[in-house]
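Engineer: Given chain F's structure and the hints, the job is docking chain E onto it.
Number of protein chains: 2
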Amino acid sequence: MLISHGMSTLFPHLNPTNSCVSVLSAVLRRQQFLIRSLGGTPDQSRVAKMNALEADAINIIRSITPTLDLSRHKGQAAMSLGSMLGDSHILAATLTGKIAVVGGCREYTGAPYFAAISALKIGADLSHVFCTKDAAPVIKSYSPELIVHPVLEESYSVKDEDKEFTANKVLSEVKKWMERFDCLVIGPGLGRDPFLLDCVSEILKHARQLNVPLVIDGDGLFLVTNTLDLVSGYPLAVLTPNVNEYKRLVQKVLKCDVNDEESSAELLSLAKGIGGVTVMKKGKSDLISDGHAVCSVSIFGSPRRCGGQGDILSGRQVIYDIVAVFLCWARQYLFLVEGDQEIWEMSPTLTGCAAGSALLRKAASIAFKNKKRSTLTSDIIECLGKSLEDICPT
Amino acid sequence: MLISHGMSTLFPHLNPTNSCVSVLSAVLRRQQFLIRSLGGTPDQSRVAKMNALEADAINIIRSITPTLDLSRHKGQAAMSLGSMLGDSHILAATLTGKIAVVGGCREYTGAPYFAAISALKIGADLSHVFCTKDAAPVIKSYSPELIVHPVLEESYSVKDEDKEFTANKVLSEVKKWMERFDCLVIGPGLGRDPFLLDCVSEILKHARQLNVPLVIDGDGLFLVTNTLDLVSGYPLAVLTPNVNEYKRLVQKVLKCDVNDEESSAELLSLAKGIGGVTVMKKGKSDLISDGHAVCSVSIFGSPRRCGGQGDILSGRQVIYDIVAVFLCWARQYLFLVEGDQEIWEMSPTLTGCAAGSALLRKAASIAFKNKKRSTLTSDIIECLGKSLEDICPT
Chain F
1 MLISHGMSTL FPHLNPTNSC VSVLSAVLRR QQFLIRSLGG TPDQSRVAKM NALEADAINI
61 IRSITPTLDL SRHKGQAAMS LGSMLGDSHI LAATLTGKIA VVGGCREYTG APYFAAISAL
121 KIGADLSHVF CTKDAAPVIK SYSPELIVHP VLEESYSVKD EDKEFTANKV LSEVKKWMER
181 FDCLVIGPGL GRDPFLLDCV SEILKHARQL NVPLVIDGDG LFLVTNTLDL VSGYPLAVLT
241 PNVNEYKRLV QKVLKCDVND EESSAELLSL AKGIGGVTVM KKGKSDLISD GHAVCSVSIF
301 GSPRRCGGQG DILSGRQVIY DIVAVFLCWA RQYLFLVEGD QEIWEMSPTL TGCAAGSALL
361 RKAASIAFKN KKRSTLTSDI IECLGKSLED ICPT
Chain E
1 MLISHGMSTL FPHLNPTNSC VSVLSAVLRR QQFLIRSLGG TPDQSRVAKM NALEADAINI
61 IRSITPTLDL SRHKGQAAMS LGSMLGDSHI LAATLTGKIA VVGGCREYTG APYFAAISAL
121 KIGADLSHVF CTKDAAPVIK SYSPELIVHP VLEESYSVKD EDKEFTANKV LSEVKKWMER
181 FDCLVIGPGL GRDPFLLDCV SEILKHARQL NVPLVIDGDG LFLVTNTLDL VSGYPLAVLT
241 PNVNEYKRLV QKVLKCDVND EESSAELLSL AKGIGGVTVM KKGKSDLISD GHAVCSVSIF
301 GSPRRCGGQG DILSGRQVIY DIVAVFLCWA RQYLFLVEGD QEIWEMSPTL TGCAAGSALL
361 RKAASIAFKN KKRSTLTSDI IECLGKSLED ICPT
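Protein chains in written order, with the working numbering: chain F, 1 to 394; chain E, 1 to 394.
Honestly, the hints are just simulated from the structure, not real lab data. Wrong hints could be hidden among the right ones.
In this list, chains with the same sequence are indistinguishable; a pair is considered to hold if it fits within one copy or across any two.
Here are the computed lysine-lysine pairs in the BS3-like style, where the Cα-Cα straight-line distance is at most 25 Å [unchecked claim]: (1) Lys159 - Lys169; (2) Lys371 - Lys386; (3) Lys372 - Lys255; (4) Lys176 - Lys255; (5) Lys169 - Lys284; (6) Lys369 - Lys98; (7) Lys252 - Lys163; (8) Lys133 - Lys159; (9) Lys371 - Lys98; (10) Lys140 - Lys176; (11) Lys98 - Lys386; (12) Lys386 - Lys205; (13) Lys98 - Lys284; (14) Lys98 - Lys372; (15) Lys372 - Lys272; (16) Lys284 - Lys386; (17) Lys133 - Lys371; (18) Lys133 - Lys169; (19) Lys175 - Lys386; (20) Lys98 - Lys247; (21) Lys140 - Lys247; (22) Lys247 - Lys176; (23) Lys386 - Lys372.
In this text, all values refer to a predicted model and were calculated from it rather than measured experimentally.
For reference, chain F alone in the conformation it holds in the complex (with noise of 0.2 Å):
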C-alpha cells in the first residue's frame, strides 16, 4: 500500500508507470506486518494506541488514474499501463467506468445528481442514474449528460396488492443493466420510503452475486446499519458514513458509543466486524479501514476546515462517485498488476477510498479559495477535473 509518515512520503521518486509494484508490494507487506504484530484479529484492546498511517494519495491517484495517450488517435485513447502490460483497446474502453447511482425520490434530487455528474467529472465514460418516476425529469433537468432511469417506486404510489408485481418490475429493470456497471452507488437522496428500501435491498443483492462493487451512502446507510447481512463479508463494499451514521454503525456493530481517542483501533474494528467491508470515516483527517489495515488522508484540507456547508453537504454529496470511479480504477490497476506478477495484495476498496478522499479535499480546497463562504457543491463539482489535471497531467 502506498503509505508515508505524515505528508512526507516514503516514495518520493516512485513512478507509476514503471515501477510502483515492486515498491508497493514492499510497503503492503510492511502494513500488513504492523497489522499483524497488533495481534491480526484488530481486537481493540491491543490495537487502542494505534495511529493510522497516513496514505500517500497523490501517488495512489497517480498509479491508478488510467493515463491517456495523445499521440495515439481517437478511437485508440489507450491508458500507458495498458500499452505496458500488453496493451487492448477493451481495457481502455472499460478502464474509465461506468457508474451508476441508485438514488433520487420525491424529496431528493439533488445528492443522486451531483454524485453522477462528478464521476463524469474525473473522467468516467457513463453515469446512470436510477431513481423514482418523480425524482427522473427533474434530474434530467439538471445535466443532459446523465442517463437517468425513471425505474423506482415509493409506497404510496403502489396499492398494496400490486407490491410484489411492481418489486419484480423495479428489480428486472435494473438487472437489465446492471451486468454493464463498474460500480454502483447506492443511498444518495433515496429517502426512506419502506417498500423503495425492500427493491433496493434486492438490487444490493443482484449486484453483489455479480460482484459489482458498491459505494453506500446516506438512505442506504440506513437501510444497511438495519440490516447488516446485506453488505456483511463482502470486501467489495464501501460505507462513507457521517458523524450520525458512524455513531449508529459503531452501537450496532461494535456494541459501544464512539471512542474519537482510539479512532483508528474502532475503526479498524467496525470494518472487522462487517466482515471485512471499507468503511470510510470523514473528519479532521479522513480515515478509511478494510478491516485488515487503517489509514488516514489529511493533505488538501482547508475546505474542509473553512466551510460547515462544504464539509457537511458537499463533501458527503461529491465523494460517492469519485470513490466509485477511483474503486474501478483501483481494481482494474491491481487486476493488471497481479495477473502480471501476483505479489499485490493491495485492497482496491482502501485504494479508491484514499484516492476519492484526497480529490475531493483538492477540488474543495480551490473552490473555497476562489468562492469562500458562498462555496456551493457545484463550484466544488467545477474544480474536479482541474484537481485530478494538476495531479496526473495528461
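Structural biologist: The following block gives chain E in isolation, referenced to the frame of chain F:
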C-alpha cells in the same frame, strides 16, 4: 446597538472579535435612553420629529458573521467569537444556519427559489423550500443545491370533505422538520389560495410554539395583515413589507394613512402596535424598528436609486433569506455574549435586518455597476458572496 450618525461610524476601531461587547452595550444604553427620553411608548405625537439613527451595518455584519478560522482543523471550524468565549464544536456546527422557505405555488416559483438560494450564497448550511406539488419540480430544477418539499396543497386539488385530513397531513409533513430550522421565511410566491393560507397559518402557529424566528413577506404579509394575532406579540417575527403592504399594515394597525413626513415615528408605532414584532420598511433608506428602537440603513444606496427593477423586484426577493440568515447569526452571537456577560439587550431581529439590508444594498450596487439596466435578481445573488467577503474577509 451598533449605530452611527449618517455614514460616520461611532466605532471606527471596533474589533468585533474581542472588544465589541462593552462598546455595543454602551451604544445600546444610549439608544434605549433616546427612546425613553421620547416617552418610552412611541406615542406618535411625541416622537413625530424623531430621526432614525443610521445603523453601523458594516460593523454589525462583522460582529455577527461567523469568522472561519483557517488555522483550525476540520470539525473545529469554529468562529473566532466562539473561541473567544470558550469555543464549542456544537456551536461551530450550528452557526452557519438552517433556513426554510414556505412558499411557491402553481403560479409562482421564482421568489422562493431566489430566497432559498440567497441563504446558501452567504454561507447557510441548508436551505429548504416547502411548496405545492406543482411548484416543486420547477424549483428543484433551478438548483440541485436546494431541498424542496412538495407538501402544500391548493383548493383546486382538494375536495371539501378531504380538507381537514389534508390540512393535518400538510402540517405533520412540515412539523417533522421544524425543529431543525433556525429560521422560517414565510410568504415568497405563496399565492393567496384560502386553503393553502389556512395551512400556512397552522405552520406559523407551530413555529411560534417552538420559538422559531419568522421572516414574513409577500403573501405571508397578506395573511398576517388579515390575522394580526398570528404574529402579534412575537418578538422573533420580522415583517418586510413593500410600499403597498406597508400601507395596508399601517391602515390596519394604526387606523390612519401613511405619513411619509414622520416615517421613523410611524414605523416605531407600527412595530409597537403589533406587540413588538420587527418591521423593515424598504425605501431610499431602509427603516427598521422592533417597537423599542428604530434605525436606518442608507449605505450602498446606488442601485435602489438607479434601477427601479433592482429596487422593487430584486430587493424584495433576495432580502427574506439573507435577513433570516443574519437573524440566526445575530441570535447565536447574542446568545454567546449574553451567556458570557449578561449585559446585552440588543434585539437580534433588528440586528439581522440591518445586516441583511446593508449586504443586499452592497450586492445590488455591485451588480448594477456591471449590468446596468439589465440587472436581474440572479445577478444580485451572484454578488452576495463577494459583498460579504469584502466586508468580512475569511
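Engineer: For each hint, tell me whether it holds in the structure or not.
Structural biologist: A quick look at each hint next to the structure:
no.: 1; hint: Lys159 - Lys169; verdict: both (14 Å within a copy, 19 Å between copies)
no.: 2; hint: Lys371 - Lys386; verdict: both (16 Å within a copy, 8 Å between copies)
no.: 3; hint: Lys372 - Lys255; verdict: neither (40 Å within a copy, 48 Å between copies)
no.: 4; hint: Lys176 - Lys255; verdict: neither (39 Å within a copy, 29 Å between copies)
no.: 5; hint: Lys169 - Lys284; verdict: neither (43 Å within a copy, 41 Å between copies)
no.: 6; hint: Lys369 - Lys98; verdict: between (31 Å within a copy, 23 Å between copies)
no.: 7; hint: Lys252 - Lys163; verdict: neither (30 Å within a copy, 42 Å between copies)
no.: 8; hint: Lys133 - Lys159; verdict: both (16 Å within a copy, 21 Å between copies)
no.: 9; hint: Lys371 - Lys98; verdict: between (31 Å within a copy, 20 Å between copies)
no.: 10; hint: Lys140 - Lys176; verdict: within (20 Å within a copy, 29 Å between copies)
no.: 11; hint: Lys98 - Lys386; verdict: within (21 Å within a copy, 31 Å between copies)
no.: 12; hint: Lys386 - Lys205; verdict: neither (36 Å within a copy, 48 Å between copies)
no.: 13; hint: Lys98 - Lys284; verdict: between (31 Å within a copy, 23 Å between copies)
no.: 14; hint: Lys98 - Lys372; verdict: between (33 Å within a copy, 18 Å between copies)
no.: 15; hint: Lys372 - Lys272; verdict: neither (39 Å within a copy, 39 Å between copies)
no.: 16; hint: Lys284 - Lys386; verdict: within (23 Å within a copy, 27 Å between copies)
no.: 17; hint: Lys133 - Lys371; verdict: neither (35 Å within a copy, 33 Å between copies)
no.: 18; hint: Lys133 - Lys169; verdict: both (14 Å within a copy, 22 Å between copies)
no.: 19; hint: Lys175 - Lys386; verdict: neither (35 Å within a copy, 43 Å between copies)
no.: 20; hint: Lys98 - Lys247; verdict: between (32 Å within a copy, 22 Å between copies)
no.: 21; hint: Lys140 - Lys247; verdict: neither (34 Å within a copy, 31 Å between copies)
no.: 22; hint: Lys247 - Lys176; verdict: between (36 Å within a copy, 22 Å between copies)
no.: 23; hint: Lys386 - Lys372; verdict: both (18 Å within a copy, 8 Å between copies)
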